[in-house]
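Going down the list, the protein sequences come from chains A and B.
In terms of my numbering, the first sequence opens at residue -15 and continues consecutively.
In terms of my numbering, the second sequence opens at residue 895 and continues consecutively.
I should point out that these hints are in silico values taken from the structure, not numbers from a laboratory.
Among the clues, some could well be false.
What the hints assert, rightly or not - In the SDA-like style, the derived pairs of lysine to any residue whose C-alpha atoms are separated by at most 25 Å in a straight line are:
#1 Lys908/B / Val174/A
#2 Lys908/B / Ser(-5)/A
#3 Lys908/B / Asp70/A
#4 Lys908/B / Leu131/A
#5 Lys908/B / Leu952/B
Stated by the list, open to error - Just so you have them, the derived chain A footprint on chain B, three or more residues with Cβ under 8 Å:
#6 947 to 957
#7 970 to 978
C-beta atoms are modelled at their ideal positions from N, C-alpha and C, and glycine is treated no differently.
Spelled out, the chains give:
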Amino acid sequence: MTSPRLLPILSLISLIGLWQITAGVLQSSVLPTPWQVVQVLIDAIRTGDLPYNLGVTLARLMVSFFLAMLLGAALGILLGRHPKLDQFFDSWIIIFLNIPALVTIILCFVWFGLIESAAILAVVVNKLPNVIVTVREGTRVLDRNLLEMAQSYNVSHYNTLRHVIWPQLYPFVITAARTGLALIWKIILVVEMLGRSDGMGYQLHLYFQLFDVASILAYTISFIVIIQLIELSILKPLDNRARRWRR
Amino acid sequence: MTGIRIDIRSKFFKAVHKANKHLVIQDLQFSLRRDEFCCLVGPSGCGKTTLLNIIAGLDHDFDGQITIGNHGQQSWIGYVFQEPRLLPWRTVRQNVEFVLQPDRRHEVVDELLSSLGLEHIQHVYPERLSLGMSRRVALARAFAIRPNLLLMDEPFVSLDAPAARRMRKLLVKVWRERPHTVLFVTHDIREAILLADRLIFLSHVPARVVGEVTVGIARWDRSHETVVESFRQKLLSEYPEISQLL
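Could you build the full structure based on these sequences and the hints that come with them?
If you want it as structure tokens, here you go:
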């Protein structure tokens, strides 16, 4: 019997091995070996460049993530509960879902200037329609029988929200959070590249101009590790918690 | 206090097309005395659930009036639905506590769970329960608020005969320990005779009252199959117009 952790580790090692072999064969400056990247990574951490820029990007990520989640959940519930409002705003949502991320980013910077709040706004506007649509779907499929039950027993609005509505919306909110995190961190790099002078996006752009592939890979790896940590240590446990009552 | 008076002149269901309104209840009147156990018997699909929803205050879209108890007195209505309607993400105990004010919880729930034989499963999630057990939890939840009016919508359908018998016994036991008005909807005339002080018969859609009968059999005597059966036969001969329900 193999342990369930063994296979992912093996697959990761073989990926690194493949990379090592390719880099070894090509001997090119645009594909450094894993070892070179690790050295660059350690250097970048030591000088404080990487922790600083990573921190700046993560701060932006957190702020825009929570803004988008809170606003999106509130609007999603509102639209899911009121069909008239939903009919009216549905086309708005479709439009916002389909505006390319790059366009919102450019417009935000043009209209509001190259400032922090414009950067955050651009990310939020990109993420918001997704959250709304997911939470609205969850609100639409709320179990009416249970709502009736709560109503007939005169359960307070707060308790109905907490014990009847929230547990049903929870899986949808978690889904929105997980897909949201993946979406936001990709968008945020573009935002930083176009209009900020710090953060991961700015650094990556800088290294692109310098053709410094080792640094680009080092930054990428550090970012992937952080996002994976958030996924595994926060979102995954929350997801499991939502399912514990199921058979 | 908690007698109730029901007077519904009309209740429509809105169809998909506005023109085809569908009349479910018409000129339906009856009263319940305080602490009376009354069974409402009618063919399936005759609007019984709709009637209970109206009494429970879930449906306000009707023409008529429901009077529960005296003015200014708080009435506690317990509603046992046709399906148990438990919160799947809360344990048995939490499901019962859900309908209570936080300060009333502990003693009431402990006592109730043990008298309904639910102690050993109190921390289990409903998905792991059999239908019979789930129904028992739904019953516990309704009793927990100490209702002075208990509405029951065919609460024992699709239980096997022994389980249904146990549930009826349990219901009568709790009702006699702490009397309250009960309105019990069923389409099973034997079940109605077993339980009720009085039977009210409803017609096909649109529902109205077609007959009322007092069940004058002592409760201890109703466990005999023959007593119930002969009462049913007597009903048949005395009220030919309700024979289709029986």
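Tell me, in ascending order, the numbers of any earlier hints that this structure violates.
-> The structure conflicts with hints 1, 2, although it agrees with all the remaining ones.
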